[in-house]
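*Asks:* In the order they appear, the protein sequences are chains A and B.
All residue numbers for the first sequence refer to the working numbering, where the first residue is 1 and numbers rise by one.
All residue numbers for the second sequence refer to the working numbering, where the first residue is 1 and numbers rise by one.
Heads up, a few of these hints could be off.
[To be verified] Listed below are the simulated SDA-like cross-link pairs for lysine to any residue, each with C-alpha atoms no more than 20 Å apart in a straight line:
#, chain 1, residue 1, chain 2, residue 2
1, B, Lys60, A, Ile116
2, A, Lys51, B, Ala94
3, A, Lys87, B, Lys60
4, A, Lys195, B, Gly172
5, B, Lys123, A, Lys222
6, A, Lys195, B, Thr121
7, A, Lys51, B, Thr121
8, A, Lys114, B, Leu96
9, A, Lys195, B, Lys510
10, A, Lys51, B, Gly100
11, A, Lys114, B, Ser521
12, B, Lys97, A, Val197
13, B, Lys510, A, Val113
14, B, Lys123, A, His94
15, A, Lys99, B, Glu118
16, A, Lys195, B, Ala94
17, A, Lys114, B, Lys123
18, A, Lys114, B, Arg514
19, B, Lys97, A, Tyr192
20, A, Lys194, B, Ala119
21, A, Lys222, B, Ala555
22, B, Lys97, A, Lys114
23, A, Lys194, B, Lys123
24, A, Lys99, B, Ala119
25, A, Lys114, B, Thr121
26, B, Lys60, A, Asn223
27, A, Lys166, B, Lys97
28, B, Lys123, A, Met112
29, B, Lys510, A, Ile116
30, A, Lys194, B, Leu98
31, A, Lys166, B, Arg514
32, B, Lys60, A, Tyr192
33, A, Lys114, B, Gly125
34, A, Lys47, B, Gln558
35, A, Lys114, B, Asp524
36, B, Lys123, A, Arg115
37, A, Lys195, B, Gly100
38, B, Lys510, A, Ile110
None of these hints come from the bench; they were simulated from the model.
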Amino acid sequence: MKRRWPWMLVGLLPLQALALSGEEVMKKSQAAFLYPGKDFKARVVMKLISKDGQQRVRELTLLRKNAGEPGGDQKYFMYFFQPADVKDMAFMIHKYPAKDDDRWLFIPAINMVKRIAAQDKRSSFVGSDFTYEDVSGRDLEDDNHLIEREEKVGNRDCYVLKSTPKAGDADFAHKVTWVDKGSFLPLREEQYDKKGVRYKLFTADEVADIKGFPTVIKRTMKNLQTGHRTEVAYLKTDYDLGLEDNLFSERFLRQPPRKWID
Amino acid sequence: MAQFSLVEFSIRRPKLIVAATVALTLLFLTQFPRITTDTNPKHMLPETSEVRVWNNEVDKVFALYEDTLVVGVRNDAGVLNRETLGRIARITDAILKLQGVASRDVNGFTTITNVTAEAGTLKVGPLMPSGPRSQAEVDALRGALFGNPLFVNRIVSSDGNTTAIYVPLEQGANGAEIADQIRAIVGQESGPERYYIAGDPVARDTFGAEMFKLMGIFSPIAGMIMLIAIQLMFRNLLLSFAMMAVAMAAIIWSMGLLIGAGFPVHIMSSMAPVFLMAIATDSIHIFNEFYFRYREKRESVLARMRSNSHKLAAIRETMAAVSRPVRYTALATAAAFAALLFMNIIPVKVFGVLIAFGTLVLRLFSFSLIPAILTFVKEEKIVKAVETESVELDRVARLLRRIGEVGATRPLTTTLVGLVVLGVAIVGTSKIHVNNNLVAWFKQSSEIRVADRAMNQALGGTSLGYLVVQSREPEFMKRPEAVGWLEGLQRHLETMPVVGKTFSVADYVKRINRVLHGDNSKYDSVPETKEAIGQYLFLFSMSAKPSDLDNVVDAGFQQANLWVQLKTWDAEAMRQVIQAAETYQKAHPLAVSVKPAGIAYFNLVWNDEVLGDMMRGFVLALVVVFVILALNFRSAKWALVGYMPLLFTILLIYGVIGFTGKDFDMPLSVLSTLSLGMAVDFSIHFIGRFRQRLAETGGDAREALLWTAARPGKGIFRNAVLFAAAFSVMLFAPLTPYIAVGAFIVAMMLLSALLTILYLPALIMLGRKWLLDQPMPAVDAAPAQAKGD
């Protein structure tokens with residue numbers, strides 16, 4: 001017995017070398033999910049639905065521009081249409097992988113642009129079940145990623161990865177992600193709290209090909225503890241529109257150009 | 001007559017009867033392991049009751065938790081120092097990891113949402129994400145806490161010595177277990193801080209434990225006391241055990257039925273064992289009579305053979321003599337308890353059925369098991385014991401005879417004195433104050449009372465009520481006039497002494513307005529446009545916990561929820577809040593409706609139900625008992641006379657309750673109904689036996705009265721003493737309702753026995769022309785022989 005197991009290790013080696021590592025899969029997934037194209041635009045309809053069916057609707061135009069390679073800096077611009085009284089509110093995020101985001105909010109009722117502290121990436125994004133991190137991504141370096149197994153989601157072959165935060169201060173214990181082997185889009189993600197209970201479930205409900213980029217155009221995040229869920233639909237999705245860099249500035253927060261936000 | 005054949009059967013086949021009883025008892029006993037308790041005060045009213053349906057809806061709409069634990073931390077030198085804050089952070093962290101805790105909505109220093117502006121940057125996030133590392137951070141925290149009215153009196157006391165961590169629990173979580181785990185967590189911390197753990201789940205758990213204590217420790221003690229008392233009275237161990245066995249069997253049958261039928265044990269039904277034990281003492285009349293009869297038989301039967309014949313004869317005669325009163329007293333007791341069925345409070349209904357069933361079982365035993373056991377009593381044992389059982393020799397009997405003599409000789413004076421006392425009692429009764437204060441059910445020194453007191457002194461109050469403000473229009477609650485109206489209502493309510501703290505969406509709006517404008521106190525107000533309010537709240541919801549906003553407004557902004565923390569659990573407090581809200585609305589008309597909700601409101605509704613139930617139950621029991629008396633005596637006149645000692649007793653006790661200012665709460669209100677059924681027993685025995693005696697001797701009413709006072713009177717006296725002895729145990733119980741019940745019953749039994757023996761002779765003598773102008777029924781009180789109305 002003792003003599004035999006080093007041989008078994010050798011037997012496994014080639015396979016290990018050929019396959020992608022957990023880190024590599026997550027990197028590809030990040031690129032496919034959060035960085036496709038040079039820039040991106042969509043009309044987003046978010047439905048915040050409580051356990052017993054009460055709905056709050058958020059409607060906004062989302063603009064994104066990458067500064068460089070996938071994994072690098074990004075700028076986001078959000079212009080709100082719904083609810084009615086927040087019309088003309090605009091929200092801008094400059095995202096840097098290694099440090100806190102910069103966030104600004106324009107409050108039209110008092111004609112004020114206010115910087116918003118970004119102390120918690122895990123807090124809710126506009127009251128939805130998505131966190132800022134769920135929307136704009138979590139630093140890959142923060143977690144260890146391990147491929148646990150391979151499995152189908154629907155008819156798609158997926159890697160199943162377990163990501164565990166390196167530092168103990170994250171508010172979740174680990175998450176499990178099903179990454180499509182073809183498109184590298186995450187099709188399903190489960191987040192586990194520190195008590196080891198699965199408490200959030202992400203599902204990619206519809207994927208469409210837009211300008212050659214496979215895009216999740218319908219997604220749901222469900223809080224399994226409260227029963228609250230958020231359904232998101234992307235309408236009028238487009239890539240590589242040539243968004244200018246100066247669009248993502250305080251000046252345009254107050255008066256965004258019509259052609260980009262409608 | 002059916003019961004006669006049952007008695008005959010029982011004394012002929014006593015072993016069969018005993019075996020059957022034991023078998024059935026074992027059968028009921030098999031149900032015991034399935035016992036569950038229900039200590040949730042909400043379950044006092046049915047799930048379909050309006051208030052519970054409405055409260056559930058409010059919980060749903062505003063994402064509120066059914067159960068929240070409150071952990072109080074107190075440091076007399078102030079909690080705002082690095083050591084204490086470090087402990088609070090550690091404790092909160094540990095609590096967040098507990099299974100069953102709704103971690104996302106735990107509110108304490110480290111988790112509560114704070115809105116601040118620092119260097120032009122708006123910050124919405126936890127107040128103190130981790131324990132402070134420097135004095136500067138402590139000072140900053142102090143500023144943040146006391147600069148924000150949302151925090152003062154909610155998570156920090158105004159003197160800075162107390163803080164609270166609010167720990168909501170997931171649906172179905174075990175609150176008791178979590179409270180224990182939190183106790184273990186705070187137990188690991190050393191330091192000068194004191195910790196208080198309060199909240200409904202703790203109260204319920206404590207309650208449950210005390211209930212088991214009552215059933216498991218106090219009931220057996222009551223049983224022991226009765227056993228000793230019976231032994232002293234009859235000096236026959238077999239008889240004493242027989243009586244206990246009868247009581248125990250009845251308890252096991254009833255509780256077995258309750259548990260087997262799937263009902264949880266509630267505060268009322270937990271008292272059932274003691275009640276049944278006490279009711280079982282009614283069979284004392286059988287033993288009492290048996291002893292007298294046996295002695296008479298023994299003397300008359302010259303041949304002292306070792307045969308059973310005169311024992312059996314004594315049993316037969318005893319049963320014949322006491323069967324009618326015993327049957328009717330059982331009927332009256334069962335009927336009074338069954339009257340509880342018409343009440344709205346579920347545990348009271350269950351209790352009524354439970355005791356009614358137990359009473360009927362006891363009566364069944366009276367005509368089967370007891371005669372059967374009497375056949376086993378060894379002759380020489382009785383011979384020894386009955387030596388003293390003679391009216392002439394017995395000191396107690398002589399004393400009773402003398403009491404009866406007072407009434408019979410000076411009926412007018414006795415009655416007049418009674419009327420004066422009665423008048424005073426009625427004045428006292430009018431002062432009765434109905435109130436249910438669930439926290440006051442625990443003793444002053446109990447952990448829960450201590451925690452409640454400490455938290456009420458330091459913070460906004462532990463009893464929580466809501467005012468749900470509803471509009472017909474969606475988005476209405478974003479309007480400046482609506483938010484301003486809410487704020488005005490809050491200020492109005494906060495002028496009331498019972499209100500500690502209020503909280504609504506207006507507080508968030510004002511806070512954000514101020515923070516956006518450089519923390520300028522000029523902007524600590526509601527902005528002027530609906531857009532501004534909408535955008536502020538949107539901004540808030542972008543970073544706050546979802547529950548922060550959900551707790552105060554519904555999704556469509558059509559309803560707002562105003563939190564009112566009350567400093568007392570008295571039901572009246574919420575009534576005052578509702579009235580204050582009405583007054584405010586009259587002075588400031590707005591197209592909204594205000595509906596109260598929350599546990600404080602539930603307590604108010606429930607309190608009113610108790611009052612209604614009490615009136616209904618009392619009247620019903622009065623009627624039922626009167627009908628039974630009239631049936632028993634076949635005369636409304638006699639029923640009226642028999643009624644008097646009972647009414648007198650109850651009014652006296654009510655008078656005392658009124659004068660002492662003790663809250664008239666649910667257990668007492670239930671008792672008033674029950675006491676009618678139990679106290680009337682004495683009248684039934686007294687009048688029944690008196691009329692028999694009068695018919696037997698055909699002579700002097702006065703002499704018959706004195707005989708009754710001495711002989712069945714001794715049975716009454718023994719019954720009352722036993723009853724009182726059993727219930728006196730409850731005076732030492734850990735929950736005040738039990739103590740109140742104990743005191744009530746002890747007083748009622750002794751008083752009604754005394755008043756029966758004193759006032760029935762007086763009243764009968766006074767009304768003898770009116771009462772006795774008709775022929776008396778004969779010895780056996782056979783139906784055909786009785787005339788009357």
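*Asks:* None of the hints should be skipped; say for each whether it holds.
*Replies:* Now the hints, each set against the structure:
no., hint, in the structure
1, Lys60/B with Ile116/A, "31 Å, violated"
2, Lys51/A with Ala94/B, "28 Å, violated"
3, Lys87/A with Lys60/B, "29 Å, violated"
4, Lys195/A with Gly172/B, "17 Å, holds"
5, Lys123/B with Lys222/A, "26 Å, violated"
6, Lys195/A with Thr121/B, "34 Å, violated"
7, Lys51/A with Thr121/B, "34 Å, violated"
8, Lys114/A with Leu96/B, "33 Å, violated"
9, Lys195/A with Lys510/B, "37 Å, violated"
10, Lys51/A with Gly100/B, "19 Å, holds"
11, Lys114/A with Ser521/B, "19 Å, holds"
12, Lys97/B with Val197/A, "11 Å, holds"
13, Lys510/B with Val113/A, "19 Å, holds"
14, Lys123/B with His94/A, "17 Å, holds"
15, Lys99/A with Glu118/B, "19 Å, holds"
16, Lys195/A with Ala94/B, "11 Å, holds"
17, Lys114/A with Lys123/B, "10 Å, holds"
18, Lys114/A with Arg514/B, "13 Å, holds"
19, Lys97/B with Tyr192/A, "12 Å, holds"
20, Lys194/A with Ala119/B, "34 Å, violated"
21, Lys222/A with Ala555/B, "17 Å, holds"
22, Lys97/B with Lys114/A, "35 Å, violated"
23, Lys194/A with Lys123/B, "26 Å, violated"
24, Lys99/A with Ala119/B, "19 Å, holds"
25, Lys114/A with Thr121/B, "7 Å, holds"
26, Lys60/B with Asn223/A, "16 Å, holds"
27, Lys166/A with Lys97/B, "18 Å, holds"
28, Lys123/B with Met112/A, "16 Å, holds"
29, Lys510/B with Ile116/A, "18 Å, holds"
30, Lys194/A with Leu98/B, "9 Å, holds"
31, Lys166/A with Arg514/B, "39 Å, violated"
32, Lys60/B with Tyr192/A, "25 Å, violated"
33, Lys114/A with Gly125/B, "16 Å, holds"
34, Lys47/A with Gln558/B, "18 Å, holds"
35, Lys114/A with Asp524/B, "18 Å, holds"
36, Lys123/B with Arg115/A, "9 Å, holds"
37, Lys195/A with Gly100/B, "10 Å, holds"
38, Lys510/B with Ile110/A, "14 Å, holds"
The structure does not agree with the numbered hints 1, 2, 3, 5, 6, 7, 8, 9, 20, 22, 23, 31 and 32 stated previously, though it agrees with the rest.
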